[in-house]
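Student: Put together the whole structure using the sequences plus the hints.
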Amino acid sequence: MLVYREKDNLIYKLHPVTVMSYIAVVLLLSLIFSHPVYLLVLFFAVGAVIIASGNADKWKYYLLMASGIVVMIILVNSVFVQNGSTVLFYGPAIPVMGKIKVTLEAVCFSAAMGIRLVVIISVFCLYTYAVHPDKVLKLFSRFGKKAVLVVTLATRLFPLMVQDVRRVTEVQRCRGVKLDTGSLRQRLKNRLPVVKVVLLSSLERSMQIAESMHARGYGSGPRSFYSRDLWRPRDFFVLGALVVSVMTGLAAVFHDWAVFTYYPRLENMNFKELNAALIEMLALSLPAFLNWGWKRWQLLKLKI
Amino acid sequence: MKNIYWTLILAVTGLLLVLSVLPVGVNWALFSAVIIGLAVLTFFWRFEKKGAASKEIALIATMASFAAVSRIPFAAVMSIQPTTFIVMITGYVFGVQEGFMVGAAAALVSNFFLGQGPWTPWQMFSWGLCGASAALLGSKLKGFKLLPFTVLAFCWGYLFGWIMNLWHWVGFVYPLTLKTFTAAYMASFPFDTLHALGNIIFSFLLGKSFYQVLKRFKNKMFVSYLDQNQL
Numbered sequence: 001m002l003v004y005r006e007k008d009n010l011i012y013k014l015h016p017v018t019v020m021s022y023i024a025v026v027l028l029l030s031l032i033f034s035h036p037v038y039l040l041v042l043f044f045a046v047g048a049v050i051i052a053s054g055n056a057d058k059w060k061y062y063l064l065m066a067s068g069i070v071v072m073i074i075l076v077n078s079v080f081v082q083n084g085s086t087v088l089f090y091g092p093a094i095p096v097m098g099k100i101k102v103t104l105e106a107v108c109f110s111a112a113m114g115i116r117l118v119v120i121i122s123v124f125c126l127y128t129y130a131v132h133p134d135k136v137l138k139l140f141s142r143f144g145k146k147a148v149l150v151v152t153l154a155t156r157l158f159p160l161m162v163q164d165v166r167r168v169t170e171v172q173r174c175r176g177v178k179l180d181t182g183s184l185r186q187r188l189k190n191r192l193p194v195v196k197v198v199l200l201s202s203l204e205r206s207m208q209i210a211e212s213m214h215a216r217g218y219g220s221g222p223r224s225f226y227s228r229d230l231w232r233p234r235d236f237f238v239l240g241a242l243v244v245s246v247m248t249g250l251a252a253v254f255h256d257w258a259v260f261t262y263y264p265r266l267e268n269m270n271f272k273e274l275n276a277a278l279i280e281m282l283a284l285s286l287p288a289f290l291n292w293g294w295k296r297w298q299l300l301k302l303k304i
Numbered sequence: 001m002k003n004i005y006w007t008l009i010l011a012v013t014g015l016l017l018v019l020s021v022l023p024v025g026v027n028w029a030l031f032s033a034v035i036i037g038l039a040v041l042t043f044f045w046r047f048e049k050k051g052a053a054s055k056e057i058a059l060i061a062t063m064a065s066f067a068a069v070s071r072i073p074f075a076a077v078m079s080i081q082p083t084t085f086i087v088m089i090t091g092y093v094f095g096v097q098e099g100f101m102v103g104a105a106a107a108l109v110s111n112f113f114l115g116q117g118p119w120t121p122w123q124m125f126s127w128g129l130c131g132a133s134a135a136l137l138g139s140k141l142k143g144f145k146l147l148p149f150t151v152l153a154f155c156w157g158y159l160f161g162w163i164m165n166l167w168h169w170v171g172f173v174y175p176l177t178l179k180t181f182t183a184a185y186m187a188s189f190p191f192d193t194l195h196a197l198g199n200i201i202f203s204f205l206l207g208k209s210f211y212q213v214l215k216r217f218k219n220k221m222f223v224s225y226l227d228q229n230q231l
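Which chain is which? The protein sequence lines are A and B, in order.
Position 173, counted from 1, in the first sequence is what the numbering used here calls 173; the numbers after and before it change by one each time, with no gaps.
Position 20, counted from 1, in the second sequence is what the numbering used here calls 20; the numbers after and before it change by one each time, with no gaps.
A couple of the hints might just be wrong.
Said to hold, decoys possible - Which residues of chain A face chain B? A partial, calculated answer using Cβ under 10 angstroms:
#	residue
1	Leu31
2	Ser34
3	Pro36
4	Tyr62
5	Ser67
6	Gln82
7	Ala147
8	Met161
9	Arg166
10	Leu199
11	Leu203
12	Arg205
13	Glu211
14	Gly219
15	Leu250
16	Leu300
No lab work stands behind these hints: they were computed from the structure.
Just so you know, these numbers come straight off a predicted model, no measurement behind them.
Heads up, the beta-carbon is just placed ideally off N, CA and C, and yes, glycines get one too.
Tutor: Take a look at the structure:
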């Protein structure tokens, strides 16, 4: 059920805190940057890490899905946003909106927003495929004992209930209930008993879970917890790079390097402002570099 | 400790709102995500503060998972799904905190399998509020009243979409004007209508029976032992 698959490379061997920090930093930077070059840098860095983690084939589908939304964003922005001084062409007159003008500024802005969306979707692709949900939940179990237990239990119950649904559906089919033929109303009506049966059996099971928890002494005293994940040098390298990239990113935003003015007229691209982007690129693709060395250099693999 | 936490949450939210009025480069996508995250955390915090009850935890996990799974059998029939309805009926029977937790956990868990995204906190918040509001309705009424419940479910079809529109609007649209706002909300209208209609259908078809099942279960869950002298 879970799409996560353990793979043999450095990205999977990082501490969950490190990977989560990486994802958080890229998310934060993608939201505070508006300069197209800086956004592209984020895209390439995340892309390098995803490829290093061996999930390029999955990433393709995410990019495909994202490109559809990006096209929609560009269309909506360039049609509805009438700001901007460089008019590319005038569209037809629409009753309520009046005459539509498509401006260069609106197209550029929406393209940059498109890159931002692609970065965000890619970083969530990395999260979905490279981080085990249980490891993340364990991190938080120190702070939220009950809430995390609820989510962990529900995550475990999900595949179980999917099996239940399949089983009950099959039984209904064997009994001659028509689930796939007939009118829409008929099909809906025939599927309702499946939900009811699954609800009843799940509630019974929840009672058993509660009794089992009770028997094991849940809530009888202060709760103990342990962590099996090790901190290794590689985590400190990556965390150090993250600190550098956050510092550079904030500096770039405060100096207006990573901020781009789209309206009313596109700002001139100043190449001096792009130095910080290079640092960002190097710092954020460090996991990919480390993985490359990890694969080819036995000594490095031993040391980190 | 509790007061410090409340003050902190209010202070951060207030600070962000004050910052947003000032003419500096405001990042609405970031601000709104922080505010929504704090709102969800507050509910979680309240839930943590209540004593540990194994039955309650097992029930919330089960209902959250059930709400997430219920997307599957109907996906083949049409695009409507009973998740909102299940979260609401759970809140209606069990109470505000349970309702919110079931909604939030259902969103989080189903996204573990369907894919996490920036929409996750927003979904957690919206579905959580579905459950919490149904619980408020349930505390006012005695027994299961189909009409008020269905009206609320219908409203949530639209409200859910409207809350979810916000993240899309603040994140990827510029300028944030009334015009683009209306455009974004017009675009989602058909989907919201479908959601609202689905909620009505499920409330009519499953409302009464689910209420009875959950009510019976609630009675079974909370067993209290009386002292012998009281008998």
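Student: Now tell me, hint by hint, if it's right for this structure.
Tutor: Quick rundown of the hints versus the structure:
For Leu31 of chain A, the interface hint holds, since its Cβ comes within 10 angstroms of a Cβ in chain B; the closest pair sits about 4 angstroms apart. At its closest, the beta carbon of Ser34 of chain A sits 8 angstroms from a beta carbon of chain B; the interface hint therefore holds under the 10 angstroms criterion. Because the smallest distance between the Cβ of Pro36 of chain A and any Cβ of chain B comes to about 14 angstroms, over 10 angstroms, the interface hint for this residue is violated. Interface hint status for Tyr62 of chain A: upheld, as the beta-carbon distance to the closest one in chain B is roughly 8 angstroms, under 10 angstroms.
Interface restraint check for Ser67 of chain A: the shortest CB-CB distance to chain B comes to about 14 angstroms, outside 10 angstroms, so the restraint is violated. Here the hint on Gln82 of chain A is kept, as its CB sits about 9 angstroms from the closest CB of chain B, short of 10 angstroms. A hinted interface residue such as Ala147 of chain A counts as satisfied when its beta carbon comes closer than 10 angstroms to some beta carbon of chain B; here the least separation is about 5 angstroms, so the hint holds. A least Cβ separation of about 4 angstroms between Met161 of chain A and chain B falls short of the 10 angstroms threshold, and the interface hint therefore holds.
At a threshold of 10 angstroms, the smallest CB-CB gap from Arg166 of chain A to chain B is about 9 angstroms, leaving the interface hint in force. For Leu199 of chain A, the suggested interface contact is upheld, since its CB lies about 6 angstroms from the closest CB of chain B, less than 10 angstroms. Because the beta carbon of Leu203 of chain A sits about 5 angstroms from the nearest beta carbon in chain B, less than 10 angstroms, this interface hint is met. A distance limit of 10 angstroms between C-beta atoms decides the matter here; for Arg205 of chain A the minimum to chain B is near 7 angstroms, and the interface restraint holds.
The interface hint given for Glu211 of chain A is met, as the beta carbon of that residue sits about 8 angstroms from the closest beta carbon of chain B, less than 10 angstroms. Hint status for Gly219 of chain A relative to chain B: holds, with the closest Cβ pair at about 4 angstroms, below 10 angstroms. Below 10 angstroms, beta-carbon pairs count as interface contacts, and Leu250 of chain A has none with chain B, the closest being about 13 angstroms; its hint is therefore violated. Given hint, Leu300 of chain A at the interface with chain B, is violated; its Cβ is 32 angstroms from that chain's nearest Cβ, farther than 10 angstroms.
Going down the numbered hints, you'll see the structure goes against 3, 5, 15, 16, while the others check out.
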